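Student: Sequence:
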Amino acid sequence: MIRVLANDGMNKNAAEKLRKLGYDVVEDHYDKDELLEKIKDFEVIIVRSATKVTKEVIDAGMAPGAKLKLVIRAGVGVDNIDVAYAKDKGLTVHNTPKASTISVAELTIGHMFAVARFINAANVTIRQGKWEKKAYTGTEIFGKTLGLIGFGRIAREVAKRAEALGMKVIYNDICGKAEGYDKYEFYDDIKELLKKADFVSLHIPYDKKKGYVIGEDEFAVMKQGAFIINCARGGVVSEKALLNALNNGKIAGAALDVFETEPKPCKELLEHPRVSVTPHIGASTKEAQARIGEEIVNLVENMFK
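Counting from 1, one number per residue, gives the positions in the sequence shown under my numbering.
Rather than coming from a laboratory, the hints here were simulated on the basis of the structure. These figures come from a predicted structure and were not determined experimentally. Some clues are possibly wrong.
[Unchecked claim] Pairs of lysine-lysine, DSS-like flavour, derived with a Cα cap of 30 Å:
{"#": "1", "residue 1": "K144", "residue 2": "K196"}
{"#": "2", "residue 1": "K69", "residue 2": "K89"}
{"#": "3", "residue 1": "K67", "residue 2": "K38"}
{"#": "4", "residue 1": "K208", "residue 2": "K69"}
{"#": "5", "residue 1": "K133", "residue 2": "K144"}
{"#": "6", "residue 1": "K32", "residue 2": "K286"}
Required output: the full structure, derived from the provided sequences and hints.
Tutor: So this is what it looks like as structure tokens:
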């Protein structure tokens, strides 16, 4: 029987479907040291963002007598998997890029409203018995310019929703101008986009070689009083530079679903009154998890049947 380890959990219906198809699905979570021992007994490991599939983990799964053949990231990014090393060792690596597109796009729009209208801060203070109505004069997003960094599936869904809300959408993408999206203005230079945008939203993977995409230099050219939203990966924005931009008034507010040090984010950001935060919940909807589960079942079946 082929054994599947869902080390960070998975959709219950998908797990049950795999069992009905004849797979042994284990939904226990093993931390690094225990995982190095347990992984040799599984043909498949499914991870989300908590588990890091490092060279050490891959070597343990590929050791003599071990059975690992397939690594699945239940989500979009694969920066917690050493993909190049895995493929070099003969492992198959997949993610589920389509399943969470709408969920992440909707969270991005939600964060945009939250940070522009102080929804996060006002929600906290009113529960504390404070009536600080005069402190929360917000900003309308209607008529504002949204600058998208990255223009893949998620960014395009964000663009559709932002346009419906009356925003002007501009974008940058390393692949160049996107065919069929002439109604949105393309900027080849990120800094030129940053000069024009009232709201900036990132939708790109994290590349260790490139490091921060938004740092001190990028914040310096942004509009005075602009907002930044990051529902992509924590490493694409320098949190130190972001804090400086918030504290000196360059940036009016930030909305973050991802952080450089998860699951223990920077305390200064969490407590900042002009920062809206969530704990990496972009794909955390019932619908997205169901779609991810369906993709996982198909990937496993395609591999072994």
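Student: Against this structure, judge whether each hint is valid.
Tutor: Do the hints match the structure? See the list:
{"no.": "1", "hint": "K144 with K196", "in the structure": "holds (10 Å)"}
{"no.": "2", "hint": "K69 with K89", "in the structure": "holds (10 Å)"}
{"no.": "3", "hint": "K67 with K38", "in the structure": "holds (11 Å)"}
{"no.": "4", "hint": "K208 with K69", "in the structure": "holds (26 Å)"}
{"no.": "5", "hint": "K133 with K144", "in the structure": "holds (24 Å)"}
{"no.": "6", "hint": "K32 with K286", "in the structure": "holds (28 Å)"}
In terms of the numbered hints stated before, the structure departs from none.
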